[in-house]
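Undergrad: Chain residues, written in single-letter form:
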Amino acid sequence: MIQLSAPFTLEKIAALKVGDAVEISGILYTGRDAVHKYLHDGGELPKEVNLQDGIIYHCGPVVLKDEQGNWKVTAAGPTTSIREEPYQGDIIKQFGLRGVIGKGGMGSRTLAACKESGCVYFHAIGGAAQVLAECIKRVRNVYLLEKFGSPEAIWELEVERFPVVVTMDSHGNSLHEEVFSRSQAELSKRL
Amino acid sequence: MSLLQDSLIELIRRTSAEIPDDVHQGIVQSLENEKKGTIAESALKIIERNIELAKQKSQPICQDTGSIIFYVECPVGFDQITFEETAREAVQLATKKGYLRQNSVDSLTGKNDGTNVGPGSPNIHFHQHRSAETSVSLVLKGGGCENVGAQYSLPNEKLKANRDLDGCRRVILDAVLQAQGKGCGPGILGVCIGGDRASGYEFSKQQFLRKIPDRNPNPELDKLEQDIVETANALGIGPMGFGGKTTLLGAKIGVANRLPASFFVSVSYMCWAFRRQGVEIAADGKINRWLY
Ligand code: SF4
Chain A
642 MIQLSAPFTL EKIAALKVGD AVEISGILYT GRDAVHKYLH DGGELPKEVN
692 LQDGIIYHCG PVVLKDEQGN WKVTAAGPTT SIREEPYQGD IIKQFGLRGV
742 IGKGGMGSRT LAACKESGCV YFHAIGGAAQ VLAECIKRVR NVYLLEKFGS
792 PEAIWELEVE RFPVVVTMDS HGNSLHEEVF SRSQAELSKR L
Chain B
-19 MSLLQDSLIE LIRRTSAEIP DDVHQGIVQS LENEKKGTIA ESALKIIERN
31 IELAKQKSQP ICQDTGSIIF YVECPVGFDQ ITFEETAREA VQLATKKGYL
81 RQNSVDSLTG KNDGTNVGPG SPNIHFHQHR SAETSVSLVL KGGGCENVGA
131 QYSLPNEKLK ANRDLDGCRR VILDAVLQAQ GKGCGPGILG VCIGGDRASG
181 YEFSKQQFLR KIPDRNPNPE LDKLEQDIVE TANALGIGPM GFGGKTTLLG
231 AKIGVANRLP ASFFVSVSYM CWAFRRQGVE IAADGKINRW LY
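These protein sequence lines map, in sequence, to chains A and B.
Position in the first sequence (from 1) plus 641 gives the number in my numbering.
In terms of my numbering, the second sequence has 115 at position 135, counting the first letter as 1, and numbering is strictly consecutive.
No lab work stands behind these hints: they were computed from the structure.
The structure displayed is predicted, hence computed values, not measured ones.
Careful: at least some of the hints might be erroneous.
Derived pair list, reagent style BS3-like, types lysine-lysine, alpha-carbon separation capped at 27 Å [what the hints assert, rightly or not]:
id: 1; chain 1: A; residue 1: K713; chain 2: B; residue 2: K191
id: 2; chain 1: A; residue 1: K706; chain 2: A; residue 2: K778
id: 3; chain 1: B; residue 1: K91; chain 2: B; residue 2: K77
id: 4; chain 1: B; residue 1: K16; chain 2: A; residue 2: K658
id: 5; chain 1: B; residue 1: K140; chain 2: A; residue 2: K830
id: 6; chain 1: B; residue 1: K77; chain 2: A; residue 2: K706
id: 7; chain 1: B; residue 1: K37; chain 2: A; residue 2: K713
id: 8; chain 1: B; residue 1: K140; chain 2: A; residue 2: K706
id: 9; chain 1: B; residue 1: K35; chain 2: B; residue 2: K191
id: 10; chain 1: A; residue 1: K778; chain 2: B; residue 2: K77
id: 11; chain 1: A; residue 1: K713; chain 2: A; residue 2: K788
Could you put the whole structure together from the sequences, leaning on the hints where they help?
TA: Shown next as structure tokens:
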């Protein structure tokens, strides 16, 4: 198991390879459909959010306020990433993202952008809402909440040992492509 | 609040927070089978821990609490209208309690009124029988895995699938190949050979009421079920599509008659977060016993 802690420098990201199991500690920003479209259309990023060397998490968390008025994440599994394929590559390049977390993998444009600007795609375990929520130690802030509503807002989350697998690295490799072609070949032998 | 309503809320809570034993055993078994130190093993370990945590905290196993599908087996003369009203109220209350996510969207306006109740939700199937017993089963089926379901019309030239069992095998395995990485595997297949476009999918989903280790009474279908699981697990797709030995935990296949002109094979895919429970309901509405 590889430990990846903030700051998420280009050097640390470039050392990661497809198939590596990684635990991330540091800050994640959630962003899903609304945020991606907004940024891609030229929308302004809130000043406090710094995506340079940052990691974006495709997730619409369930967040409640406790009695003291603190946010608490009760479920935080990944959502399907491929919906962001039209936007992701440009956003990686424009903001200097070093990581994208989601599920199901992404396409060739994102893979190319990962290679070009030094970014990786981390696959979280789909459906593991409870385990992943436990890794979120604190909600530091939330942005664009009024504009987009809770699941679509940008949540700034402090995570500890958040488990993921590198399935697309910054060297042009995609585990999704590898497994697909291998399994397709295996299937054709068995038909 | 009626006793039946209480029972249905408890059925929803338990279905959402606890994986049935037969599925859990399948996951534990596959965890033992995976090679130690692989990412497939660590994915299954996280899944296993998630199952434990959800049960312990009585919280949804997965945040997508899915389409709500009730199957009611009832005696002749059973009051379906009252049941339906009670079930809709139970769903609303269970949503307020957080057992279900606010998960039902008006398809025209995009609005989510937060109740989980609307046209088609919950989805209730009634079936009368001669016995005096009433049982209610519930399946919560997530969207990610629903999206990878597939319906094939045979013959399918591209897949070299003719209108025979080998053709069925080919399209079912194609569905497994295409679903990889997307439906939160390891998965369970529910398949219907035959029927029309609507009944085919409906019967395929009913297969999810069968327990994982059960065997198909029809020897030909039984053979096909075993073969599909074995072949799928030899493809190296693995949990989450990371590669590995566990691609399917089970395959359940049923048949329905078809028209001479049509030959559909409908494949429903269920993710590892297989939420299915059932209760036998006493005359006063209390839970007599759990079915899974
Ligand atoms: S496919 Fe299943 S496990 Fe995956 S997110 Fe959907 S409901 Fe959850």
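Undergrad: Is K77/B close enough to K706/A, meaning Cα to Cα at most 27 Å?
TA: Roughly 15 Å between the alpha carbons, so the hint for K77/B and K706/A holds.
Undergrad: Run the distance test for K37/B versus K713/A: straight-line Cα separation, threshold 27 Å.
TA: Status holds; Cα separation ~15 Å.
Undergrad: Measure nothing beyond the straight line between the CA atoms of K35/B and K191/B; if it is 27 Å or shorter, mark the hint as holding.
TA: Satisfied, since the Cα-Cα distance of roughly 20 Å is no more than 27 Å.
Undergrad: Would you mind confirming whether the straight-line C-alpha gap from K140/B to K830/A stays at or under 27 Å?
TA: holds (14 Å)
Undergrad: Does K706/A lie within 27 Å of K140/B when you go C-alpha to C-alpha?
TA: violated (56 Å)
Undergrad: Quick one, are K778/A and K77/B close enough, alpha carbons at most 27 Å?
TA: holds (24 Å)
Undergrad: Starting from K91/B, check that the Cα of K77/B is at most 27 Å away, please.
TA: holds (21 Å)
Undergrad: Tell me if the straight-line CA distance from K713/A to K191/B falls inside 27 Å.
TA: Between K713/A and K191/B the Cα gap is close to 37 Å, so the pair fails against 27 Å, i.e. violated.
Undergrad: Is K706/A close enough to K778/A, meaning Cα to Cα at most 27 Å?
TA: holds (14 Å)
Undergrad: Taken at face value, is the distance from the CA of K788/A to the CA of K713/A at most 27 Å?
TA: holds (20 Å)
Undergrad: Hint check: K16/B vs K658/A, CA-CA at most 27 Å. Holds or violated?
TA: holds (20 Å)
Of the numbered hints stated above, those contradicted by the structure are hints 1 and 8, listed in ascending order.
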